[in-house]
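Engineer: Quick mapping for you: the protein sequence lines, in order, are chains H and L.
According to our numbering, the first sequence is numbered sequentially starting from 1.
According to our numbering, the second sequence is numbered sequentially starting from 1.
One thing to keep in mind: the hints can contain errors.
Dumping the calculated EDC-like pairs for lysine to aspartate or glutamate here, alpha-carbon to alpha-carbon at most 20 Å [to be verified]:
(1) H:Lys159 - L:Glu142
(2) H:Lys159 - L:Glu144
(3) L:Lys143 - H:Glu22
(4) H:Lys193 - L:Glu144
(5) L:Lys95 - L:Glu70
(6) L:Lys133 - H:Glu191
(7) H:Lys25 - H:Glu148
(8) H:Lys193 - L:Asp130
(9) H:Lys193 - L:Glu142
(10) H:Lys89 - L:Glu120
(11) H:Lys85 - L:Glu120
(12) H:Lys80 - L:Glu120
(13) L:Lys143 - H:Asp11
(14) H:Lys159 - H:Glu191
(15) H:Lys74 - L:Asp130
(16) L:Lys143 - H:Glu198
(17) L:Lys133 - H:Asp11
(18) H:Lys308 - H:Glu22
(19) L:Lys143 - H:Glu190
(20) L:Lys83 - L:Glu25
(21) L:Lys131 - H:Glu191
(22) L:Lys143 - H:Glu191
(23) L:Lys133 - H:Glu190
(24) L:Lys131 - H:Glu198
Hints in this document: simulated from the structure, not taken from any laboratory.
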Amino acid sequence: MENRSLVTIADHSKQKILYMIEMAKQFEKHPNSKLLEGKVVATLFFEPSTRTRLSFETAANRLGARVIGFSDPKATSSSKGETLKDTIKMVSNYADIIVMRHYLEGAARYASEVTNIPIVNAGDGSNQHPSQTMLDLYSIYKTQDTLENLNIFLVGDLKYGRTVHSLLMAMRHFNPTFHFIAPDELKMPEEYKIYCREQGINYVEHTDFTEEIIADADILYMTRVQRERFTDLMEYERVKNVYILRNKMLDQTRPNLCILHPLPRVNEIAYDVDENPKAYYFQQAQNGVYAREAILCDVLGITLDQVKEVLS
Amino acid sequence: MSKKKQELQVAALENGTVIDHIPSENLFTVVSLLGLEHMGNNITIGFNLKSKKLGKKGIIKIADKFFCDEEINRIAVVAPFVKLNIIRDYEVVEKREVSLPDELRGIVKCANPNCITNNEPMPTLFHVVDKDKCVIRCCYCEKEQTRDEIEII
Chain H
1 MENRSLVTIA
11 DHSKQKILYM
21 IEMAKQFEKH
31 PNSKLLEGKV
41 VATLFFEPST
51 RTRLSFETAA
61 NRLGARVIGF
71 SDPKATSSSK
81 GETLKDTIKM
91 VSNYADIIVM
101 RHYLEGAARY
111 ASEVTNIPIV
121 NAGDGSNQHP
131 SQTMLDLYSI
141 YKTQDTLENL
151 NIFLVGDLKY
161 GRTVHSLLMA
171 MRHFNPTFHF
181 IAPDELKMPE
191 EYKIYCREQG
201 INYVEHTDFT
211 EEIIADADIL
221 YMTRVQRERF
231 TDLMEYERVK
241 NVYILRNKML
251 DQTRPNLCIL
261 HPLPRVNEIA
271 YDVDENPKAY
281 YFQQAQNGVY
291 AREAILCDVL
301 GITLDQVKEV
311 LS
Chain L
1 MSKKKQELQV
11 AALENGTVID
21 HIPSENLFTV
31 VSLLGLEHMG
41 NNITIGFNLK
51 SKKLGKKGII
61 KIADKFFCDE
71 EINRIAVVAP
81 FVKLNIIRDY
91 EVVEKREVSL
101 PDELRGIVKC
111 ANPNCITNNE
121 PMPTLFHVVD
131 KDKCVIRCCY
141 CEKEQTRDEI
151 EII
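Isolated chain H (complex conformation) (with noise of 0.2 Å):
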C-alpha cells in the first residue's frame, strides 16, 4: 500500500506544493465541510505543543472528522515503558490518521514504517516540522501572490531555528535571495550555506540588523533568540536587544513587506509592530488551519478536485 504519511517538506516537489497551497486556498474560503465526516484523526502529542495541536485539532474539526488523543505523555502508556512501535501499531487500529509530535528526531518517519495508516509529522525533534513550513509557505504566497524571486529575510536564531531551515529547503523551487540575519553564535550552519550553493540560492549574511539592511525585504522571518542556546551568556546579553524588531524600522520597507514568526513570540518583535499592516504573524496562525485541513485531506488521498466539488 502507498504511504502518503507527511514525513518531511524535502519530499515535496514545485509542483506539489503549488497543488498543496491551491487546496488551502480551497479552505480558506469555505473552512467547514464534511469531507472527512466519520473519519477519526489521533493527535498524539508525546512533547506538548498547544499552538500545533489546537492547530491540527481545529482543522480536523471543521473538516467533519473526530478527534482522539493526548497532550501529555505522563498519562499514557508510554510512560509505562511502552515502545513507539506499540503504540502507533495500537492507535492504528482506532484512528484513520495519525497526526504526532515526539521529541525524538526520526520518530515520524519511524512511525510511517510500522503502520499502512498516514502519518503527519507535527514535528520529530530538531529534525523536521513540515506543516508549519506548509503555512509558511502558504503565507508568503497569500501576502506575495507569488513565491518566485523573493527576498526573504531570516533573523534571530538561524542555527537551531527548524523552521527557518526547512523553510530554506522548500524555497529551493523558487529562486529566492535569502539574507541571514544572526548573532555570531547562532550563524546559519555551514550544512544550509553548502545546501544554498548546490541548488544555486543566493544568498547574503549579516550580523547588523537594521532599518537599511532590511529595507529591500519581501519577507522577514523573524525567530526567538533563546538564552538558554548561548554557551557564551556574555554574548547573549551583547546581543539580546539587537535582534528586536521595532515599529519605526519599517518606515522605509517595502509596501508589500510581510512579517511572520513561528510564534511564540517573547520580545523579539516589539508589541508596537502588531498594529503595523505589515505585521502578518497572526494571520499566519490562523492559515495554519487551512494548511492543516489540506494537509488531512491530501494523506487520506483525497484530491484537489475532489475538494473543489465538495466545496462548490
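The hints should help you fit chain L onto chain H, whose structure is shown.
Structural biologist: Frame of chain H; chain L shown alone:
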C-alpha cells in the same frame, strides 16, 4: 624462510576466500560483521601480522566460503582497503576490493543520542552520501556522520 612460511599460511586454502590487509584494530569487528563466529567452516585468523602498508594487519582465511557483494561490502565501513583473494583449487582466481554499499542497515550506531534509533528496539539505516569520504546520513534523524564518528553496533 620466514617469508616462505607466511606465504604457505596464506596459500594453504584449497577453496575459499582470503581477506587480507585488515587493519589489526578492526580485525575482530570484521569477524563479527561477517558473522564468522557462527560459521562451521574451517577459518584461520591471523592477528598482528607484519605489514609494510599498515604496520600491523589482520588476515582471515575462510575455507569453502565465497561472499556475495552485499555480504562483504559491509566491512568497508571499518576496513575500506582490504584485498580479497578468491581461491579455487589452491589458485588465486580472482582479486577483489570492497566498496561502501549505498545503504548500511543494522551495522552502524547513529551518533545522535536524540535519534529514534537509539531509543527504540529497531535496526538503524544509513544512506551513504559520499563513498570516498565515507559520509553517511541517518535515514531517520537525517544527521550526517563521517568515518571517525562511526561506531559499529
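Engineer: Please work out if Lys74 (chain H) and Asp130 (chain L) have their alpha carbons no farther apart than 20 Å.
Structural biologist: Violated - the C-alpha atoms of Asp130 (chain L) and Lys74 (chain H) are around 41 Å apart, more than 20 Å.
Engineer: Sort out whether Glu144 (chain L) lies within 20 Å of Lys159 (chain H), counting only the CA atoms.
Structural biologist: 16 Å, holds
Engineer: Does Glu120 (chain L) lie within 20 Å of Lys89 (chain H) when you go C-alpha to C-alpha?
Structural biologist: Distance ~14 Å between Lys89 (chain H) and Glu120 (chain L) Cα, so the pair holds.
Engineer: Tell me if the straight-line CA distance from Lys159 (chain H) to Glu142 (chain L) falls inside 20 Å.
Structural biologist: Answer holds: Lys159 (chain H) to Glu142 (chain L) is near 16 Å, not above 20 Å.
Engineer: When you check the alpha-carbon spacing of Lys83 (chain L) and Glu25 (chain L), does it fall within 20 Å?
Structural biologist: Between Lys83 (chain L) and Glu25 (chain L) the Cα gap is close to 17 Å, so the pair holds against 20 Å.
Engineer: Please work out if Lys133 (chain L) and Glu190 (chain H) have their alpha carbons no farther apart than 20 Å.
Structural biologist: 18 Å, holds
Engineer: Straight-line Cα separation of Lys80 (chain H) and Glu120 (chain L) no greater than 20 Å?
Structural biologist: 14 Å, holds
Engineer: If you draw a straight line from the CA of Lys193 (chain H) to the CA of Asp130 (chain L), is it 20 Å or shorter?
Structural biologist: 18 Å, holds
Engineer: Can the restraint linking Lys193 (chain H) and Glu144 (chain L) be considered satisfied, given a maximum Cα separation of 20 Å?
Structural biologist: Judged against 20 Å, a Cα distance of about 15 Å means the pair holds.
Engineer: Verify the proposed pairing of Lys308 (chain H) with Glu22 (chain H), using a straight-line Cα cut of 20 Å.
Structural biologist: 10 Å, holds
Engineer: Between Lys143 (chain L) and Glu198 (chain H), is the straight-line Cα distance small enough, at 20 Å or below?
Structural biologist: This hinted pair holds, its Cα atoms lying about 18 Å apart.
Engineer: With a cut-off of 20 Å on the C-alpha distance, tell me whether Lys133 (chain L) and Glu191 (chain H) pass.
Structural biologist: 16 Å, holds
Going down the numbered hints, you'll see the structure goes against 3, 15 and 17, while the others check out.
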